Amino acid sequence: MSWIDIGHIDDIPPRGARVVKTPVGCVALFRTAEAEVFAASNTCPHKGGPLSEGIVHGQSVTCPLHNWVFNLDTGQADGEDGRIATYPVRLEGARILLDGEAVGKRSAA
Amino acid sequence: MTQKLVIIGAGMASGRVIEHLVEENAGAFDITLFNAEPRGNYNRIMLSPVLSGDKTYEDIVTHGADWYEAHGVTCRFGEHVVKIDREMKVVEGQNGYVPYDKLIIATGSAPFLIPVEGKDLPGVITYRDLDDTNAMIEAAQKGGKAVVIGGGLLGLEAAAGLAERGMEVTVLHLMGHLMERQLDEAAGYLLRRDLEKRGITIMTQASTAAILGEDRVEGVMLEDNTALEADLVVMAVGIRPETRLATDAGVEVARGIEVNAQMQTSDPNIYAVGECVEFDGHLFGLVAPLYDQAKVLAHTLMDQPDAFVVKDIATKLKVTGCDLFSAGDFAEGDGREDIVFRDPARGIYKRLVIEGDHLVGAVMYGDTADGNWFFGLIKDGTEIDEMRETLIFGPTFQGGEQADPLSAVAALPRDAEICGCNGICKGKIVDAIEGGATDLGAVKAQTKASASCGTCTGLVEQLLQVTLGDDFEAPTAQPVCGCTDLSHEDVRRLIKSQELKSQAAVWQELGWKTPNGCHACRPAVNFYLLADWPLEYQDDPQSRFVNERKHANIQKDGTFSVVPRMWGGITNPDELRAIADAADKYNVPTVKVTGGQRIDLLGVKGEDLPAIWADLNRAGLVSGHAYSKGLRTVKTCVGTDHCRFGTQDSTGLGIKLEQALWGSWTPHKVKLAVSGCPRNCAEATCKDVGIVCVDSGYQVSVGGAAGMDVKETERLIDVPTEEEAIAVTIAFVQLYRENAKYLDRPYKWLAKVGLDWVKERIMDTDERARLIEAFELSQSIYRKDPWAEHAQERASSYAPLADLTLEAAE
Ligand code: SRM
Ligand SMILES: Cc1cc2nc3c(=O)[nH]c(=O)nc-3n(C[C@H](O)[C@H](O)[C@H](O)COP(=O)(O)OP(=O)(O)OC[C@H]3O[C@@H](n4cnc5c(N)ncnc54)[C@H](O)[C@@H]3O)c2cc1C
Ligand code: SF4
Ligand code: FES
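Here the protein sequences come in this chain order: L and X. Numbering follows my numbering, in which position 100 of the first sequence is assigned residue number 537; successive positions increment by one, without gaps. Numbering follows my numbering, in which position 416 of the second sequence is assigned residue number 425; successive positions increment by one, without gaps.
Keep in mind that the hints were calculated from the coordinates and are not lab data. The reader is advised that the hints may include incorrect statements.
As the list claims (entries may be wrong) - Below 25 Å or equal to it, Euclidean Cα-Cα: the simulated DSS-like pairs (lysine-lysine) are:
id : chain 1 : residue 1 : chain 2 : residue 2
1  : X       : Lys614    : L       : Lys458
2  : X       : Lys793    : X       : Lys665
3  : X       : Lys565    : L       : Lys458
4  : X       : Lys565    : L       : Lys484
5  : L       : Lys458    : X       : Lys594
6  : L       : Lys484    : X       : Lys614
7  : X       : Lys111    : X       : Lys98
From a predicted model like this one, the values you see are computed outputs, not experimental measurements.
Required output: the full structure, derived from the provided sequences and hints.
What follows is the structure, encoded as structure tokens:
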């Protein structure tokens, strides 16, 4: 893994999301009501809805286009046959670290 | 051979070290104990009971003079150590030098002062030691007002103690909820409620700008320019490890004095223990881990192998009546699952956080009896899979307790208003039921409850069921969503009668089953709260659908549409030029004239929104709210200005209405139109409110629609003047805002409450005036252009957080 610092926890509002542009496409970083962050694909497998624009509740997000609900931890859609890719992300203090390798960045070495 | 052991600081950590040493190996050390405070070790955590008057200093002394004497400890109390000379192995106190073989630094920590003007004024106190406590007790004897800065553990204990001693206390807290490091929002809400019940005022998101006063403290000024009077200010915003001696001596210090697992610093003859240390990146602020450290250090000094490990800790608050517990990690990390239990009737909230097969965190309020059991499960890493289903009910679960869907209603006090139309309280209804009114019809007849608009029917039925038990089966109303058993109408009514003013209050008092709702209930609850408490409740963008959060309509490809307002459908060449320029500059693929008499720029990239808005703002164009559950458009026809049939200035009235109503949030979208004569070119008779001008004045009709249902409006009232037409319209919109279910257009709401009920309210001149006043109050906050605000203050949130593709290309 190669952890990349992409920002401060407060850059994402509680129960909100921001996107990060990566070689594998837009990755959405979701924050729950706590200091807790998940990274997953920004693109809904249904019809491409931008998930970072959805409402975040508990540890789920609802797609803004047709209300599919995704578990942010597993990526699985609730009651639908669909799943989004999830990526390793962690907090170090207040900094958000995303695994660069998982989102297609070759490590510097 | 006895060694010379010098200890700097006679606090809770070093006290424990000495106990271990003298008990396990008396005489091994010749101990000299320095303390800056003019006294020996006392139980610092019990200062709060001393402050509140439940205990005295004598009660909390752990080691008295005779104890030190009996164990041969040389005490140098009231003497600061000013220097450590590592080469000479000598400690310099204010009254002279003491050589050491081994040295322990146990200086604890120092309160952090926020660097604002006036922080050094007399009357500004921190909360750390007995002297601070006595200073507060003395100040409280004069009564008056106290402001406590900091809503953490220490600040709240200080606040409760001062309130107990008769002061009028306000707590200022920077964050959104109290004790945010130990509690989640729900528990923070309950804590706030209990503290408020004792007369303490709590202000969250309150940032201190300055402390005011000439010779002594007189007040506190907040960033938003609110000024508070204060005779006493207690600053309890945090602590910092007291590391100065170590730093000066060249011992390695990060945030705290760095130690290894044997509590040894970078100098092998110097050890450190307590809040002054940093171990493996951790700092400490509670005694439990310090006692572990003390034991390890004692063993190290006695050459017994031992190692300190960081364990989870549990927090309690020592304020009687505020029963809270939190342990483990309920915030950070991936792969978590929540179990939530709420009992509004008893003010109980419990939340367990589970990761895989293990409990990793617990937050509880109101009933914390099982706290230590949960804490044990967390610490021991017990596998909980087998008991998962009933875990939240604790170790003694017998299979009985269940969340009761009626508990929210059962918990209501007797004076809670159930029927808003007729002002009927719970007590009166329950009395009627007990007196023999055992069905809805009888309750209606006897009390008038639910006899007018009927919105409270569900609550009356629940009261029948609560009072009569199994003899009455309430018909199940459609609940808002899976998070609750209550209907929209119930929730609205209860928000009003229970004066619930935050989301956390709704979740708790109405027994929500999820930590913070879902995409269905959150937008509704957010609207209900802001409609009922425009001043107290702060709109929550994260509880809004993307269109309302971003003030633009999302398109199927993820781009957005931008629709500026054109008041009453009127525009001019400058505005059109600005729109054309914006369309060019931001490569807008489609420019369309809408059915609402204005222009839609479709296909704008999300990142460009703040910039295009700023450009449009410069030409005087503001948000058209084409995305909102709020006022959309006011269509007009050309009226008397140009048309040969026009009877009144329909365009002018349309503009006035749009300017009065814009920015307001409503249960669903609201569209108006004003036509200059009954030919009705503005299609007023299929709008939510439609006004048709006639020679004698204005025909105001309501409840039209031309979307999924097509409906003609029904006449509300005929009025002679333009002012009255505006007044009636505003009153109608406000009545709708106060009463309708979220996502009911006015025609649907009217079908439930009846046009007659609405007419009655609007005709009643007092009620009409009240409605208009309430609307204006709300508009004092919401009648503003969100585009301007977002373009200026939130532009960065529209951009990606980071761009990792750029570096990849290098
Ligand atoms: C832009 C516009 C069509 C146009 O090009 O003319 C439009 C576009 C949309 N309408 Fe409309 N409606 C537009 C005028 C109308 C009208 C005509 C009118 O207002 O005079 C109606 C019928 C009148 C009425 O509301 O009763 C209308 C009835 C609807 C409905 C059905 C509402 C209902 O209660 O039955 C919806 C769906 C909804 O709101 O749930 C809807 C929803 C929508 C949404 C917001 C769909 C959505 O949720 O994404 C469309 C957004 C498109 C976009 O991406 O920008 N639109 N829509 C019109 C914008 C007017 C404006 O300037 O703000
Ligand atoms: C009001 C209050 C309530 C609390 N409630 C709780 C609670 O409920 N639960 C809990 O777990 N914890 C609580 N704490 C925290 C707990 O008291 C501390 O974690 C603990 O006291 C720290 O112990 P220590 O030995 O590291 O430092 P201290 O107990 O602060 O002792 C350090 C001593 O060193 C002295 N000193 C400093 N510099 C020098 C110097 N240069 N020369 C000589 N002497 C010096 C100081 O005067 C002080 O007496 C509370 C604290 C306060 C203030
Ligand atoms: S018919 Fe239409 S345009 Fe003509 S006067 Fe009446 S409202 Fe105006
Ligand atoms: S595109 Fe996400 S639910 Fe349809």
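Evaluation of the provided hints:
1. Lys614/X to Lys458/L: holds (15 Å)
2. Lys793/X to Lys665/X: Distance of about 15 Å is within 25 Å: holds.
3. Lys565/X to Lys458/L: Within the cut-off at roughly 20 Å; holds.
4. Lys565/X to Lys484/L: Holds, because 8 Å separates the two Cα atoms, which is no more than 25 Å.
5. Lys458/L to Lys594/X: Judged against 25 Å, a Cα distance of about 24 Å means the pair holds.
6. Lys484/L to Lys614/X: holds (18 Å)
7. Lys111/X to Lys98/X: holds (8 Å)
The structure agrees with every numbered hint stated previously.
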